[in-house]
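Asker: Next come the chains, spelled out residue by residue.
Protein chains: 2
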Amino acid sequence: MSALPMVERDPSLPDRVTIYEVGPRDGLQNESGIAPVDVKVAFIEDLMAAGLPIVETTSFVHPRWVPQLADAAEVVDRLPLAGRVPLPVLVPNERGLDRALEAGVRHIAIFASATETFAERNLNSSVEGQFAMFEPVVRRALDAGVDVRAYVSMCFGDPWEGPVAPARVVGVGTRLLDLGATQLSIGDTIGVGTAAHVARLVSEFGDAGVPVDRLAMHFHDTYGQALANALAALRCGITTFDASAGGLGGCPYAESATGNLATEDLVWMLTGLGIEHGVDLAALVKASVKMARALGRESPSAVVRALS
Amino acid sequence: MSALPMVERDPSLPDRVTIYEVGPRDGLQNESGIAPVDVKVAFIEDLMAAGLPIVETTSFVHPRWVPQLADAAEVVDRLPLAGRVPLPVLVPNERGLDRALEAGVRHIAIFASATETFAERNLNSSVEGQFAMFEPVVRRALDAGVDVRAYVSMCFGDPWEGPVAPARVVGVGTRLLDLGATQLSIGDTIGVGTAAHVARLVSEFGDAGVPVDRLAMHFHDTYGQALANALAALRCGITTFDASAGGLGGCPYAESATGNLATEDLVWMLTGLGIEHGVDLAALVKASVKMARALGRESPSAVVRALS
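Quick note, the sequences are listed as chains A and B, same order. Here the UniProt record's numbering is used: position 256 in the first sequence is 256, and no number is missing along the way. Here the UniProt record's numbering is used: position 138 in the second sequence is 138, and no number is missing along the way.
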């Protein structure tokens, strides 16, 4: 059997997509196992070699909160930060920014919330308070010539508050762009969103003057909707998608599979649609299988399981 | 957390969809475990009670080939075959039809192939030869007032032959309609298809004079594409979708997850899109969890894992 789908173009969809790889950061921080530094560095190198055009590598969060990424400085120290492939790191606050700047990082990401409850629980702040918290982070990063991406979490639903109105997400997103973020990553953190909700949100951003090329979509597969939602977003003209190699972060044995969209499953769809992405699927699957073995479990990605 | 997604309609999609439940037949025949008759009958009753408008119950295939369904006659004997909910059974040949008619079955399904290799391996025939084989089955069924659905398998790709041209599928499908089948179930048996390929196939059926209401789509999640492909098919106006409760037939622990689209994941998407389907998701999840326990494993459906 061929390891690639038959290609059938849909001229109404974009010609080219950028996959923003989040496996080494968002994936690994949600795994119960902790990979050694060598394994992480090799994984990031494998992902770059497989053609991923941007790879988020780690987080300068306090190790107390995310012990899985306690080795952030060591990982970053061994990566080509000034190379062709941007290697962003997540930075939760000014202390994290200090560490990132010391390490020579050129791209950072901040992590905001669209809802009050999650802002309180995850940021120990409020929706309004987070802007004051992020303002010096973004300003100092830009002053240092460092690019800033902003994640917006809980954009479709919130475990405590239920459905989230698109207007709230647009309100938070535009404030983050005003601070100086170059791109918003619109996260369905709990995976409840469906296709027309995606289209509605993208449309409301457009009404607020935010064009599709400032937006990335970040889908989780908790309810199996991630790839269908990516298809819906493609149809709205979105061209940047977050995805996690091998579906890292969503354990197939867990009671609840809360993982990110698997990069391989996205690549399969894009390849079938004739949309350029630059990723070598076989090399990517190999990298994911290696990491799954290091974590001592199978990959939750359907494509990885089918091809490995 | 609410157990339902926020509803956002897309007026370009159908208002209502029929879910053709295949779990008790296509699901269970692909499980390594064998459920007792009582468990199967209770499962089918649970599915009917959950609002599934049609449930394929079993197959009158020789037990040598599918030992999982060796109890077909016993199962069917305990079901309300003349009730409000059609309860079709799969019938591979005239001998199977004899057994189905004896049992009082009112709806049958036949299983054809779009490719030579699969026709040979699965039917011990050829693409051309299968029509002669099915002709008396369909004719005798219709004469007895029994409705006939025709599955067409390998419609997107074939493990031995690679990609399958839409024209071949349309050729086989129209011959089966000419024999007297009332509906075609277009199967991506190995799960390789992607969204625009789905649209192309539906469009080529249209060019051949086959309207969307004669077509059902039957997607497998081998490469994670099933729900995205269902969304693409909805956009073409397709209103009947095959799905398997709990994702039965695709074991989450298997090397390759070749299962059907999980009914729950489809229901989640349809609910979010505001498309009527008549299914009570909580009742369906309960039925799937019960069956997964009987089989001694977790459900591969993301929605089932998230909600149970």
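Treat the hints as calculated values from the structure; they're not laboratory data. Incorrect hints may appear among the rest.
Identical copies go unnamed one by one, so any copy, or any two together, can satisfy a pair.
[Stated by the list, open to error] Cross-link-like lysine to any residue pairs, in silico, SDA-like; alpha carbons within 25 Å at most:
| # | residue 1 | residue 2 |
| --- | --- | --- |
| 1 | Lys286 | Cys236 |
| 2 | Lys290 | Gly51 |
| 3 | Lys286 | Trp160 |
| 4 | Lys286 | Gly145 |
| 5 | Lys290 | Leu142 |
In this text, all values refer to a predicted model and were calculated from it rather than measured experimentally.
Asker: Run every hint past the structure and note whether it holds.
Answerer: Now for the hints, and whether the structure bears them out:
1. With identical chains, the CA atoms of Lys286 and Cys236 are never at most 25 Å apart, being 32 Å at best within one copy and 36 Å at best between copies.
2. In this assembly of identical chains, Lys290 and Gly51 lie within 25 Å of each other by CA distance solely inside one copy; the values are 17 Å within and 44 Å between copies.
3. Within a single copy, Lys286 and Trp160 get their C-alpha atoms only as close as 38 Å, which misses the 25 Å cut-off; across copies the closest is 24 Å, which meets it.
4. Taking identical chains as interchangeable, the C-alpha atoms of Lys286 and Gly145 are never at most 25 Å apart, the minima being 35 Å within one chain and 54 Å between chains.
5. In this assembly of identical chains, Lys290 and Leu142 lie within 25 Å of each other by CA distance neither inside one copy nor across copies; the values are 36 Å within and 55 Å between.
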